[in-house]
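Trainee: These protein sequences, in sequence, are chains V and U.
All letters in the first sequence, in the order written, are residues 1 to 581 by UniProt numbering.
All letters in the second sequence, in the order written, are residues 1 to 341 by UniProt numbering.
What the hints contain is simulated information worked out from the structure, not anything from laboratory work.
The structure displayed is predicted, hence computed values, not measured ones.
Keep in mind that the hints are not guaranteed to be accurate.
[Claimed, not checked] Facing chain U, from chain V, some residues (calculated, C-beta under 10 Å): (1) 3; (2) 45; (3) 46; (4) 48; (5) 51; (6) 115; (7) 119.
[Unchecked claim] In silico DSBU-like cross-links for lysine-lysine, where the CA-CA straight-line distance does not exceed 35 Å: (8) V:130 to U:117; (9) V:88 to U:149; (10) V:130 to U:109; (11) V:102 to U:283; (12) V:26 to U:8; (13) U:337 to V:10; (14) V:107 to U:149; (15) V:35 to U:117.
[Stated by the list, open to error] Each pair of labels, with its calculated beta carbon distance range: (16) U:165 to V:7: 26 to 36 Å; (17) U:97 to V:7: 36 to 46 Å; (18) V:518 to U:247: 46 to 56 Å; (19) V:102 to U:109: 26 to 36 Å; (20) V:125 to U:176: 23 to 33 Å; (21) U:5 to V:37: 40 to 50 Å; (22) U:247 to V:7: 32 to 42 Å; (23) U:214 to V:125: 50 to 60 Å; (24) V:31 to U:216: 50 to 60 Å; (25) U:299 to V:102: 21 to 31 Å; (26) U:274 to V:113: 18 to 28 Å; (27) U:5 to V:518: 34 to 44 Å.
Using N, Cα and C, we set each Cβ at its ideal position, and we do this for glycine too.
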Amino acid sequence: MAIFKFEESKTIGTVFSVDTSTIIVKVDELDKLRKLQVNHLIAVKSSKAGQHLIGIINRITRKVSDEESPVNEDLGMTNFLLTENILKVNLIGTLIDKHGEKENVFKRTLDTVPEIEANCFPIDGENITKFMRTISSQENYDVPLSLGKYSIDENAEAFLDGDKLFQRHAVIVGSTGSGKSWCVAKLVEQIAKLPMANSILFDIHGEYSGLDFKADGIQHLKIANPSDLGKTGNLENNVLMLPYWLLTYEEMLAMLLDRSDSNAPNQAMIFSKTVFNEKIKFLASIGDTTFKDSITIDSPIPYKMENVLNVIKELDVEMVKGSTGREKQGPFFGKLTRFIQRLEAKSQDKRLGFMFQVSDDELDINWMNNLCNSLMQGSNNNNNKAGVKVIDFSEVPSDVLPLVIGLVARIVFTVQQWTANDKRHPICLLCDEAHLYIPERTSQDSASELGLKNFERIAKEGRKYGVSLTVISQRPAEVNRTVLSQCNNFISLRLSNAEDQSVIKRLLPDNLSGLTDVLPILDIGEALIVGDSSLLPTRVLIDEPTIKPQSATIKFWEEWSNEKAEQDISNAVIGLRKQSK
Amino acid sequence: MEKEAIYKQLQAWTNNIPLIILGSGASVPFNLPSMWVLGDYIKKSIKFSDSKDQNQFKEFIVEFDKTGDLETTLTKLQLRENVLAEIVNKTWELVNKADLEAYEHFIKKDFDFPLAKLLEHFLDTAGKKVTIITTNYDRIAEYASSIAKAVICNGYSQNLIGHFSNNIQSNNLASLRGYKGQVNIWKVHGSLDWFKSKEDENIQLPIRQNIPQEYSPLIVTPGLSKYSETHNEPYRTIFTQADSEIEHANGFLCIGYGFNDIHVQPKLIAQIKNQKPIIVITKELTEKTKQSIIDNKCQNYMLIEEANSKDTRIFSSKFGELIIENTSYWELGEYLKLIIS
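Please take these sequences and the hints and turn them into a complete structure.
Mentor: The structure is reproduced here in structure tokens:
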């Protein structure tokens, strides 16, 4: 059944002028104009049978003509006659009653231009429910993706096209306290229900690692803190080590080398040579035959950092025989001292313990397999039957955060790249607080620059290898533009900052940019969803997730009013010293 | 997949508001007489007193018995005025009787009336205007338009006594309030409602039970008179209008039309050769239809007919010939199920 059957008498007006996808509708009756609101949907009769053009009201104006009214006439009456009631409507698509064997198909294209004088009808009441149901239940998956209900019609659930949402990357933005984490939780909850789900959530503040955020299909991992160091079985206990040998040559140098040092080229050369030798030695020591002829300096092969240090230290004090037979200082004598100091400092830094203070576990050639298995296996293949892996980065120092997250992202991307096409299982990276590690402006610090490059690469090429990004941030203005511009789905909660609003506005097509006017006035937990995944740009009231992120706003006044409020500073100080909670 | 593509093609062409051409096949579902029944009725019900008339009528009967086809018979004979007039009157009587019976059914709504549904569908657009060209005398197109709540424009003023005017169609009838739109019906062979007085006055008297005294029906019977009759009004205006609408049409939807008529054909074929899309739905495609369209190398056509008494056969310019089993899309009612949800 066609969903729209409009009575002629219900018309709000007729098309007055047309400018590509924007039309002006003249409303004859003031009563009808009063009932209309901005962002309501209207249907315009098409020149083709069985089709309606669908538009969103962008502006409603009632204006009095500038022409001077004759003085001798009753002024009230004349004003009334000269009033022009006008709607500006952005056309967004066509509803086709019958398309092939499918009924009621909504398409985001306009293959006809509206005719002048064509009748326009409001889509309200029963029609809006029917229409919303139509555009929602396009694809029928067993577990459809739904974030909540439409603001304009609370009876209709807002389903999103899960394929398109992840294929073309997504952005979830909203000022602090607008319900962003709630929205992420709702999304994660639904992903976790799928039998072969696969995604990684970068949890920067430990919001998603609390006790309330536990459900089947969700696994919590944590970056090792000083108390976990040197232990074996970390990975099995969901503690993540990211040993130094996973770093590429560039990443290593970015971390260790002081480029302003006059000996930097020497240091880099010696270091790479030694590391490469150590990798070969390691392979020899385990009797490997597969890799030894084909590895490069960047190949993730374990090696012992101590050995590297020893070799470099020897070179630093090496004496060689001179031409006269007397001993003289070797070619690198004293030139590596500073580098050794930096390397030692880094490897003893407890904060970077998850990288440098590895146990025998992480020096096993199979460890990387285990790591990738636990990070990248879909629910059913995963030991914990968990498709969503929440990695808690809350204890990682902020200066190395971009490098560490970039490293995880790079490993995921390269493993996907090296997987055969038919065996590749898509994976999504949910990047919470993305402005921290996918920033618009990078500092001179080249380590974070490398992390950012990884994300830029995923944003541009990830689609082809089944790696999807969901950028989550409260400051879209501070998130890298290259990454944002690759995202085709926007879930925006309330944004009060004008700069942030304009970023979202710029990302939308011209005829939809008017929609962003609602960004500052959205309710808490209300989102504007625009993009491939939703046929219509819509406002959605996000449902309460059953798993709750730990981000509830602290009630200052209430806490201050509470006589029995507790404080525990001494333990905090201990934690601060230990660098772990 | 091909089926889906064909449906989409049919939907696209049909929803583009093509000009509708109704042939005799379109009236068959409403029990209107076929040429054979009509000939048989004429044969049995006419008596002449004048001997010359009697002789000629005998000649007619012999010829009709031989061919069994009224059209061929009439084409072969140069009939006397009296005989022709009587044949016209009898034709009117028989067709009118069946037409009024159908009318009763439409009022009682115990007949499925897909044409009305099609018109409603077409009028529910921004343009609110549909054109029908028909060679039938019956009022099926008018009934359908009335049920679809449209204003009818057929050249006559829509009154109890309607006068012909050659500029009535230039009114903007589509936007009249209280109507769903406008249907232009150009009846190139006349209508049961049209009569000519002895003084050559040309008027429309809707839904008559019988021919008024001193009036003769304005219908063109097949045969040689078809050519001479149609030089006069209202036909001249109607042809001009029909030709111009064919020229400006988006495409054509022929229902039960056999491509046997010299008044509609030439313009139509020129247009479809000019790449305008044409859909023909009929129980059996005539040789003439296939010749005019397929052999003429038209580039956008869909010809739909019955096959194997239970299937639908489609000849398409794009998809070739194929059969869709256990469907009868050659019937308008079934066809509309593809178009209207």
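Trainee: Kindly indicate which numbered hints from before are broken by the structure, ordering the numbers from low to high.
Mentor: none
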